[in-house]
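One-letter residues, chain by chain:
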Amino acid sequence: MSKANAGNFLEDFRLGQVIRHATPRTVTSGDVALYTALYGSRFALSSAATFAESIGLAREGQAPLDDLLVFHVVFGKTVPDISLNAVANLGYAGGRFGVPVYPGDTLSAVSTVIGLKENSNRQTGLVYVRTTGTNQHGAMVVEYVRWVMVRKRDPQAGLADSEVPVLPDAVAAADLVVPPGLTLGAYDPIQAGSPFFWDDYAAGEKIDHVDGITIEEAEHMMATRLWQNTARVHFNQYSESQGRFGRRLIYGGHVLSLARALSFNGLGNAFRVAAINGGRHANPTFAGDTLFAWSEVLERSELPGRSDLGALRLRLVACRNQPCAAFPLRADNGRDTDPAVVLDFDYTVLMPRR
Amino acid sequence: MSKANAGNFLEDFRLGQVIRHATPRTVTSGDVALYTALYGSRFALSSAATFAESIGLAREGQAPLDDLLVFHVVFGKTVPDISLNAVANLGYAGGRFGVPVYPGDTLSAVSTVIGLKENSNRQTGLVYVRTTGTNQHGAMVVEYVRWVMVRKRDPQAGLADSEVPVLPDAVAAADLVVPPGLTLGAYDPIQAGSPFFWDDYAAGEKIDHVDGITIEEAEHMMATRLWQNTARVHFNQYSESQGRFGRRLIYGGHVLSLARALSFNGLGNAFRVAAINGGRHANPTFAGDTLFAWSEVLERSELPGRSDLGALRLRLVACRNQPCAAFPLRADNGRDTDPAVVLDFDYTVLMPRR
Amino acid sequence: MSKANAGNFLEDFRLGQVIRHATPRTVTSGDVALYTALYGSRFALSSAATFAESIGLAREGQAPLDDLLVFHVVFGKTVPDISLNAVANLGYAGGRFGVPVYPGDTLSAVSTVIGLKENSNRQTGLVYVRTTGTNQHGAMVVEYVRWVMVRKRDPQAGLADSEVPVLPDAVAAADLVVPPGLTLGAYDPIQAGSPFFWDDYAAGEKIDHVDGITIEEAEHMMATRLWQNTARVHFNQYSESQGRFGRRLIYGGHVLSLARALSFNGLGNAFRVAAINGGRHANPTFAGDTLFAWSEVLERSELPGRSDLGALRLRLVACRNQPCAAFPLRADNGRDTDPAVVLDFDYTVLMPRR
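Residue numbers (numbering that gives the first Met the number 0), protein chains in the order written: chain A, 0 to 353; chain B, 0 to 353; chain C, 0 to 353.
Derived by calculation from the structure, the hints in this document are not laboratory data.
Any given hint might turn out to be false.
What the hints assert, rightly or not - Taking beta-carbon pairs under 7 Å as the criterion, some of the chain A residues facing chain C (in silico):
1. Ala21
2. Arg224
3. Gln227
4. Tyr237
All figures in this text were calculated on a predicted structure; none of them were measured in a lab.
Note that the Cβ used here is the ideal one computed from N, Cα and C, for glycine as well.
Please model the complete structure; the sequences and the hints are all you need to start from.
As structure tokens, then:
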């Protein structure tokens, strides 16, 4: 038997199976610097310890890490066990961010298989997992459900279990985690870089984030390795040159972080990602593509017991090689997704109120 | 009104206007590592805590950051307010570095508009700003004047003010900041990597820095994002492919840091940049270009009250795709700049004396 | 005389000469993050402070650095003195890793010339150096012999000395440094990501590491600059376009670190590199190449006084644009090296025993 890990195939999973993922990861200010270099994020909370201090979220003089950085590290741990033989990463649901993560924290990930279903072709099927990322104290830092289409090793193999879980449309405002200690009395919108507060956004409002950013092979590979994500399609031009697209595919999370960074221009006070309600990598992205993004405000929610802080549910759409002044979403037939759309992401942020 | 920031146009500026720039930034050892990876700098002071300790400049066991790293972070903060609609970044003057910056410090920037002038075409004009970067204690870390050519939103709009400031040719030696605590009794030129001290340089001397370094798109974009510089021309191949050059332009500061790193080979004891007297990005630089650099010693100055330390005023010239053994500067007509020259920079360094 | 360093030529070296290399270097968590981004390493010991703590190797709450990161930093320091005028880096021998290195440590390097021999063409010759890297307390962190072919400045010049040193085939198990404090009672193979211990490997066993990784120009140049390695062939496309290969050559250590990271898949519990017995960069590697790797277990050795820990001597072979399921090594003639092989490396790791 080879000592190299070939990953799990569909028939290797069992409903209720709990998988402790390898390679705990201590995150540091080195990761923070690379995140800034790769995405250019400007949200003040993760940029400046002084700003974090001013709203009660500094710890030992340090700012918390960007929420998506935390998501990527946790996601990366799951790849060797869950999606090494995946055909596609299909969706996310029920994602919540927990306690903030600081330089020096060590993150680990555990997944539970909550759904399994063979496709009618018997070549592939769906695996649903709920993944929980924790810090070195066991506190939840992020949890989410994702489902992937996974190959079978043997098309004739049967599945022990078959179940499709019921997933929530969105995370309820009452279930969002407000970071302990957060106080907004000294929140400075000039430092944060935006005059617009929760009160200034309305459901249905659309924002073109204007800027475009071209992706290079070296960038997405450095990012994906930084998250210790081992999915082969991102790294191996030798094999991908013979594959479906002839090129390396970019990790969907790289696109997500670029779109979130672009969204600063219009959503500068969205200082905290609180939930991932859903999301879809609608089309593949490749090196050389220029990404643009736009947002739609889906819902504005109050938070229990907080008059200083509200939640905005947002749709974040990223397009390749297509500026977003016209908010591209649907194809000409009005039903399919516009082929320029690469990401359609439904998430919830926290924002100060007036 | 769109919530995305479109930047200021010429008619939006007022003489004397004070602009507090967004996004304070905590710099860390992550930034230091990236600076080394991007530029390959070998100046011992920012490379080793032990070396910094030996000359009295370590703080809590850490070396100070490279001076140009500090400049780039402060410069980056000013872009969304000053130069988002700039046609060109025309020059620098009167720049001084103040207290050294250490990992963990948080930098902020404030600019004052000190000059405004419309061009005769009424489409554009000049904006002069004095920018001051400070650390979390309010101490000046770098200050400088720069001027940019900025578009008007409306060619018919008038300007409230018009004034061209008088700028100094160079920063006087008496105005240079010597970092507090600096002592050179234990300065080790073997560790520093150069046997040449202040006394060994003569005005008029030229040094070819020999080495060449080719620039990649991923590198200059990672650098420019690291400084949270949002100028569009550096990132968006989709729009630049239709622009003047058909390609992304490289941030001039990236060229400056590469040239400074190349200058180590001949100026290894120039451990501290003390002043930016002037500077010009003479021609654009693109990915794929190979940079070379040469220096000329313009002036050797004593420093008040210091017999261990002197100032060298240097001209640093960077060329693209042109080795510098012949010290290229002027075009064949003897008047224009050689088209290979991309940077002509006048700055002052501190160097130990024998 | 030019103040730029032209490097040493063959006739500049003397047998027994001791060279203190410039530019001490403080390594930080920024270097660790970049190492992960560049190579995607997943060995748990350098990934997580908690894991390091569990086996007695954390210091002030931090994990030790990857051993090869330490090697690259020390190697980089030697380049300006030893190999700036090298035609080729020919081999390694007698390498040992000493005390672990932690973020905040400052590394320095000293080399002794232990061999010199002119080639019959009188244009070039061999220089053998023993290099020792130390931390800020003077403790050895890595030491090794390497030999390079170096140009002569003047073909007519004579050599003061001529001697070819006798080099060991391998480092004996009794000479390996086991990091002080190492205890394996709480070693968790699930966190480490591999169920295979020292006992499970047998001499002669070959492991295909399966995955492939494509190299970009920006990546190898950022890495090589991070190690402050100034060898010109890696950076200057302008001059290399006129050279032997028409392209920039990739630093052999970059290939080594990629191959070691690939080897995680099959050798996940090889948490510590203890020795470099030998090694050869068999062929050049260029940007765009996809690297694959395989390993052969050469020898399994007990360690004096340790029943919890053993040593594995491994051959690590990296190939360009050639998957390694067939363990490529020899060319069709059965004697020469397969032209796909770029690295043939003989090293020793520490691994837990059952």
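Okay, the hints, checked on the actual structure:
1. For Ala21(A), the interface hint holds, the least distance from its beta-carbon to any beta-carbon of chain C being 3 Å, beneath 7 Å.
2. For Arg224(A), the interface hint holds, since its Cβ comes within 7 Å of a Cβ in chain C; the closest pair sits about 3 Å apart.
3. Interface hint status for Gln227(A): upheld, as the beta-carbon distance to the closest one in chain C is roughly 5 Å, under 7 Å.
4. Interface restraint check for Tyr237(A): the shortest CB-CB distance to chain C comes to about 4 Å, inside 7 Å, so the restraint holds.
Violated hints: none; the structure is consistent with every hint.
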